[in-house]
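Visitor: Sequences listed follow chains A and B, in order. Counting from 1, one number per residue, gives the positions in the first sequence under our numbering. Counting from 1, one number per residue, gives the positions in the second sequence under our numbering.
To be clear, the hints were calculated from the coordinates, so they are not data collected in a lab. Virtual Cβ for every residue (Gly too), placed ideally from N, Cα, C. Check each hint, because a few of them may be wrong.
Stretch by stretch, here's where chain B covers chain A in the computed footprint (C-beta under 8 angstroms, at least three residues) [claimed, not checked]:
id	segment
1	50-60
2	86-95
3	311-320
Computed spacing ranges between beta-carbons, pair by pair [claimed, not checked]:
id	chain 1	residue 1	chain 2	residue 2	range
4	A	ASP133	B	ARG49	43 to 53 angstroms
5	A	ALA105	B	GLU20	40 to 50 angstroms
6	B	PRO15	A	GLY82	39 to 49 angstroms
7	A	ALA32	B	PRO38	55 to 65 angstroms
8	B	PRO16	A	THR128	25 to 35 angstroms
9	B	GLN36	A	ASP127	26 to 36 angstroms
10	B	ALA35	A	GLU65	24 to 34 angstroms
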Amino acid sequence: MISPLLVGTRKGLFVLEADATDQWTIRRHAFAGIPVTITALDPRDRTLYAGLNHGHFGVKLHRSEDLGASWTELPAPAFPAGFPADGDGKLAPTVAMLWSLEPGAGPGELWAGTIPGALFHSTDRGDTWRLVDSLWHEDARRLWFGGGYDAPGIHSILPDPRDRRRLLLGVSCGGVWLSPDAGVHWEIGGAGLVAAYMPEERQEDLAVQDPHRIARCAGAPERVWMQHHSGAFRSDDGGRNWIRLSGLPLSDFGFAVAAHPSDPDVAWFVPAESDENRIPTSGRLGVTRTRDGGRSFERFEEGLPAPPAFDLVYRHGLAVAPDGRRLAMGSTTGGLWTSADGGESWRLADARLPPIASLQFAV
Amino acid sequence: MPQVLFTAHLRRWAPPSPVEAAGDTVAAALDQVFAQHPLLETYVLDDQRRLRRHIALFVDGERARLADPVGPDARIAVLQALSGG
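So that you can see chain B by itself, here it is in the shape it has in the complex (with noise of 0.2 angstroms):
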């Protein structure tokens, strides 16, 4: 199953780091995550379900999007990119 790690600065809102949650994509897996932490979704996703501007998302090291596909073992990484300040 995958493995989701959340940025330190999400913290307050995010489970302790990693998580595992299954899904076949970035974007899947990351429900299964928002689906126990309801705000937490709104830390990551704006109203209209999109990543938010200043997060960045890797997959196994890589700069990914929420529709890219994941495999059994990816480590999807939740960061803060620096572009927001």
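Here chain A stands alone, though its shape is the one from the complex (with noise of 0.2 angstroms):
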């Protein structure tokens, strides 16, 4: 049985199923024409949430406990009413995008990310949510500032799998963020990383680092791979200490990575062309795996369009099965690509989707 996909776009969230031939398509749709921006399912208790992002009606958060057949909707993570102004000549916050959702550590436990930077945390299953003061009140916070939006955001949260309280944030543009106590105490990681868009005094700094994502090997936590804003990198020590990878074809600007569940030399990146230019590389499209933990590349482009393609794959838009065989990736002319051989090959679903934000397998 192959697990269904989850795939948050433009025009609502798409659950889509596999038949015997590998052949994906469409079984439920929900949420109708509105923007989902991030789904999680958690495995303990097999409930789906997803963060919804109304035009002009705000950040929505529903959950489902029949994967996405019915819907009840719950408030959503928010800010204090009366919360003082984030700085001199700002207004008083208010959450503009939910960016991550992930399981914690207790029953019930979630956390979620939101642009702009905050963490909340709920341990009712979503029915309430509150703020992480000890984060927002982090004075490293201020020297933040917007990556592709125009506060900065927390997309990556990353429980260490050994102990769920363990907790590894990516912040465009904010840096690796690292709490030993389920967010009551936090320490900055990064070292190693450099932010080539920085003037040189400041590229090293780790408060203004842009990990545009970060993923966790799930049977070596501390293996770490980042997609950062001026490379691709690997840490050894789960998130303290980067090393900036090289080789990688074509190029090593992108949004997407994927940890392999088991083995720590794998990973995988969907490479663009660059900052300034958000397509991929001579209309290429393709994804970039290494096996050995960094040292070396390869690029597979199978069943992938031909060119020109401007397909652009998201920070979320790239997930792995935990068989570390099956991939999938959703872009944002709405392509949805499966690979049943750990990426060396991809087969187009059937679907002509909304541009995709955010997938994930439902396991």
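Fit chain to chain and form the complex, with the hints in mind.
Guide: As structure tokens, this is what we get:
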């Protein structure tokens, strides 16, 4: 049985399933017409969560106990009314996007990362949310700035599978943040990252780094991969120190990265040409894979569209199944491809989809 | 008593329009409605209880703000602004 795919798009959430010939088709469509920015499936109770961003009516959160057949609306994470403005000349904050959603350590525990860059915590399956003040009050947060959006945002929340109270966050643009105790205390990681978009004397400043996406090897959690605004990086100590990877074919710019669930030496990237030209290099959409910890890379294009392609794969647009062989990838052009051979060849799903923000296997 | 009309786009969360709501400002009248429909509030106001950027308010056909006073016969319209897409 192949796990269904949950695909968050500009026009709603799609659930796709594969048949015996590995052909993927749409089985469900929820929130028709409304942007779905992120999904999360809590494997412990099979509860599905979807973060929405109505163009007019704000950020919403919904919960489903039947994999998307029916939904209950919950209060979305929000700053308390009367919350102080975030600096001189600014308005008091309001949540503008749900950008990450992740099950925590305890039953029903959830983390949500937002734009602006705030972390919210729920211990009751999303019925109520509390801003994580400790991170909001970190001094270095004042150095954060928007990356791709007006305000900074938290797009990656990676609990350590050995102890899910240990958190790793990725912030665009605000670096890598580590908590040993479920958000009570924080330290900034990211040594070795280099931000080419900053003036020379600030390029190694930890709090201005722009990790586009961070992915962790579940079976070897100290091994973490990053697609950064200025290159691809690997960490061997859970995000404290990073090594820039070289030799990626065509480009080391992009947004998405996926880590093999059990093999710490395997990861995938989906490159775009550069930060000033966010389309595939020479119109060639492809996937870059390493199988030796980032010392060498292979590039695969089989089954992906012939040039010129203009598909960009966003931060949450690349997913790998627990077997480490099956992958899925969704683009801003609405292309959805799956691979059953570790990314070496791809097949277009039988679905013309809206622009894709996020996807995950329902496992 | 002022009457409040909500855009049909909000029909899943709003009472049948128009609805009567006591209040001497737009905000006060809306609060009367929100008290009965708490989810609706989050669709019209942001975290800080400001009017969402792409919601348009009218009183008797004129663009209005939350703090504007309303008379007993006012017709308040809560509409979806085209600026939001």
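Visitor: Confirm or reject each hint.
Guide: Now the hints, each set against the structure:
For a cut-off of 8 angstroms, the count of residues in the segment 50-60 of chain A with a CB near a CB of chain B stands at 6, and the three-residue condition holds. Proximity of the segment 86-95 of chain A to chain B, defined as three or more residues with a beta carbon under 8 angstroms from a beta carbon of that chain, is established by the 5 residues found. Beta-carbon proximity to chain B at under 8 angstroms applies to 0 residues in the segment 311-320 of chain A; the threshold of 3 is not reached and the given coverage is violated. Taking 43 to 53 angstroms as the suggested C-beta distance range, the pair ASP133(A) and ARG49(B) does not conform, at roughly 20 angstroms.
Between ALA105(A) and GLU20(B), the C-beta spacing of about 49 angstroms keeps the proposed range 40 to 50 angstroms intact. Our hint of 39 to 49 angstroms for PRO15(B) and GLY82(A) is violated, since their Cβ atoms are close to 27 angstroms apart. Here the CB-CB span from ALA32(A) to PRO38(B) is close to 25 angstroms, at odds with the stated 55 to 65 angstroms. Our hint of 25 to 35 angstroms for PRO16(B) and THR128(A) holds, since their Cβ atoms are close to 30 angstroms apart.
One distance hint, 26 to 36 angstroms for the beta-carbon pair GLN36(B) and ASP127(A), is violated here, with the actual separation near 20 angstroms. One distance hint, 24 to 34 angstroms for the beta-carbon pair ALA35(B) and GLU65(A), holds here, with the actual separation near 29 angstroms.
Hint check: violations occur at hints 3, 4, 6, 7, 9; the rest are consistent with the structure.
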